Amino acid sequence: MLAKRIIPCLDVAKGRVVKGVKFRDIQDAGDPVEAGYFYAQQGADELFFLDIDASFENRETMADVVERTAKNVFIPLGVGGGIKTLRDIETLLRAGADKVSINTHAVLHPTFVREAAKAFGSQCIVVAIDAKHNKASNGYFVYTYGARKETSLDALEWARQVEELGAGEILLTSIDRDGTRQGYDLELTRMLGLSLSIPVIASGGVGSPEHILQAFTLGLSDAALAASIFHFGEHSIAEVKRYLQERGVCVRL
Amino acid sequence: MASERSFALIHSGRGNIKSLMNALERIGAAYFIAKAPSEIERAQGVIFPGVGSFGALMEFLRNEGFEEGLVRAIRKGMPYLGICVGMQVLFERSEEFGSHKGLGVLEGDVVQLQREDPAMKVPHVGWNQVSLRCERRHKFEPPWEGKDPFFYFTHSFVCRPSDDDSLLGATDYFGEFASLVKKENVLACQFHPERSGQAGLDFLAWFVRSFALH
Numbered sequence: 001m002l003a004k005r006i007i008p009c010l011d012v013a014k015g016r017v018v019k020g021v022k023f024r025d026i027q028d029a030g031d032p033v034e035a036g037y038f039y040a041q042q043g044a045d046e047l048f049f050l051d052i053d054a055s056f057e058n059r060e061t062m063a064d065v066v067e068r069t070a071k072n073v074f075i076p077l078g079v080g081g082g083i084k085t086l087r088d089i090e091t092l093l094r095a096g097a098d099k100v101s102i103n104t105h106a107v108l109h110p111t112f113v114r115e116a117a118k119a120f121g122s123q124c125i126v127v128a129i130d131a132k133h134n135k136a137s138n139g140y141f142v143y144t145y146g147a148r149k150e151t152s153l154d155a156l157e158w159a160r161q162v163e164e165l166g167a168g169e170i171l172l173t174s175i176d177r178d179g180t181r182q183g184y185d186l187e188l189t190r191m192l193g194l195s196l197s198i199p200v201i202a203s204g205g206v207g208s209p210e211h212i213l214q215a216f217t218l219g220l221s222d223a224a225l226a227a228s229i230f231h232f233g234e235h236s237i238a239e240v241k242r243y244l245q246e247r248g249v250c251v252r253l
Numbered sequence: 001m002a003s004e005r006s007f008a009l010i011h012s013g014r015g016n017i018k019s020l021m022n023a024l025e026r027i028g029a030a031y032f033i034a035k036a037p038s039e040i041e042r043a044q045g046v047i048f049p050g051v052g053s054f055g056a057l058m059e060f061l062r063n064e065g066f067e068e069g070l071v072r073a074i075r076k077g078m079p080y081l082g083i084c085v086g087m088q089v090l091f092e093r094s095e096e097f098g099s100h101k102g103l104g105v106l107e108g109d110v111v112q113l114q115r116e117d118p119a120m121k122v123p124h125v126g127w128n129q130v131s132l133r134c135e136r137r138h139k140f141e142p143p144w145e146g147k148d149p150f151f152y153f154t155h156s157f158v159c160r161p162s163d164d165d166s167l168l169g170a171t172d173y174f175g176e177f178a179s180l181v182k183k184e185n186v187l188a189c190q191f192h193p194e195r196s197g198q199a200g201l202d203f204l205a206w207f208v209r210s211f212a213l214h
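Residue numbers (the working numbering), protein chains in the order written: chain A, 1 to 253; chain B, 1 to 214.
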């Protein structure tokens, strides 16, 4: 049976982890390479590096981070942030990344998703969707530029469109929940989980192992992305996986 | 450098081959990237980590002259490990984006995963288990013992071997598919051992140290 995936995410700027990672057992938690290795040893199913600076120089730095991480980490590596060209993707894949996530550039140029999937295969292309609830329409709108700019795109319609264009997975972040530790937006996650044929990675708002359980049971997601719950050492990945297994979720242990 | 004691990697140019190189370095296996078909003949074995579409990969093999060289090397008994699409091209044909002819080293075809259930996502992405099917019949040391290990998969197409004897391992995803096949000197897996943590490294080490010397 296919296991539900736990994906720790590291925010990186200028080659350093930001939004602090604080483990006791790690010498330099600000080094994404060390933090990535630590998570892989703990049983992470995949790692995601999010380039929050996303300047040209930083992309070169990200390729270097990926290259050094891939030497010691033998699980899939994803990278997102500021990807605009096939060359950007190729640079990261050559460095050892397995998948890239595309967000703003996909909204601006939807055919880029198709070109990227055609060039590298759908398995490499994750479309990241940042969505926010809209009270007036009781729907969800897509935001770009790091959740700063609202678009007129409906989250579900956009997800269906990128699925059609060849995206291999959706990384779905709730802007309302991100950073709140109140749990994933289960309604949003479930809506996409039910309607799409490609896997959905839930993101934004996790504060406890129970939230991760809910992402799978109620949110119908295929994977759960989490940052702070692991970064501060409150819960280890192995502990969360045991918690899930005891409640009947198939995990890799 | 090409040598008798190292493994030839075939790289179609695009995508991530670094992970496989890193994994081989980790287990202490020597390798080189084959630039020409003639270099394969001197290798201890071939590892082909196929990415992209079946048709594009076959076109690459044909255009670069690898098709004939590979089939000849395999027929002569050279150990071969095919990964993902590098597994699929061993079969006779695929229906991915039209019909394509494969290397025909193994009997059977490659078909798209059919969504049997709304909960079934395609591509099949993530960690799934492989159950050994007929290691006894193959009469060789199995790649692992005990609990079925998890390996990392990412694919939308699966192989359908028509020869039951070649099925070495199966994986359950809304029905079973062939995730590990073997025929004489040929071994092929649908999963990515280079992305499958310690289980994957152990599998690669088994191929290099046990299977390839068998």
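No lab work stands behind these hints: they were computed from the structure.
Because the structure is a prediction, the values reported are computed rather than measured.
Cβ atoms here follow ideal geometry from the backbone N, Cα and C, with glycine treated the same way.
Treat the hints with care, as some may be off.
Claimed, not checked - The calculated DSS-like cross-link candidates involving lysine-lysine, where the alpha carbons are at most 25 Å apart (straight line), are: (1) B:Lys183 <-> A:Lys118; (2) A:Lys149 <-> A:Lys132; (3) A:Lys118 <-> B:Lys18; (4) A:Lys149 <-> A:Lys135; (5) B:Lys76 <-> B:Lys101; (6) A:Lys149 <-> A:Lys84; (7) A:Lys84 <-> B:Lys18; (8) A:Lys71 <-> B:Lys101; (9) A:Lys118 <-> A:Lys14; (10) A:Lys132 <-> A:Lys19; (11) A:Lys84 <-> A:Lys135; (12) B:Lys76 <-> A:Lys71; (13) A:Lys71 <-> A:Lys14; (14) B:Lys18 <-> B:Lys35; (15) A:Lys19 <-> A:Lys135; (16) B:Lys101 <-> A:Lys14; (17) A:Lys132 <-> A:Lys14; (18) A:Lys149 <-> A:Lys118.
As the list claims (entries may be wrong) - Okay, the calculated beta carbon distance ranges per label pair: (19) B:Asp117 <-> A:Glu157: 21 to 31 Å; (20) B:Lys101 <-> A:Lys135: 16 to 26 Å; (21) A:Glu246 <-> B:Glu25: 13 to 23 Å.
Said to hold, decoys possible - Covered stretches of chain A, as calculated for chain B (at least 3 residues, CB under 8 Å): (22) 73-79; (23) 89-97; (24) 217-230.
_In rising order, the numbers of the hints this structure does not comply with_ = Violated: hints 1, 8, 9, 11, 12, 15, 16, 17, 18, 20, 21.
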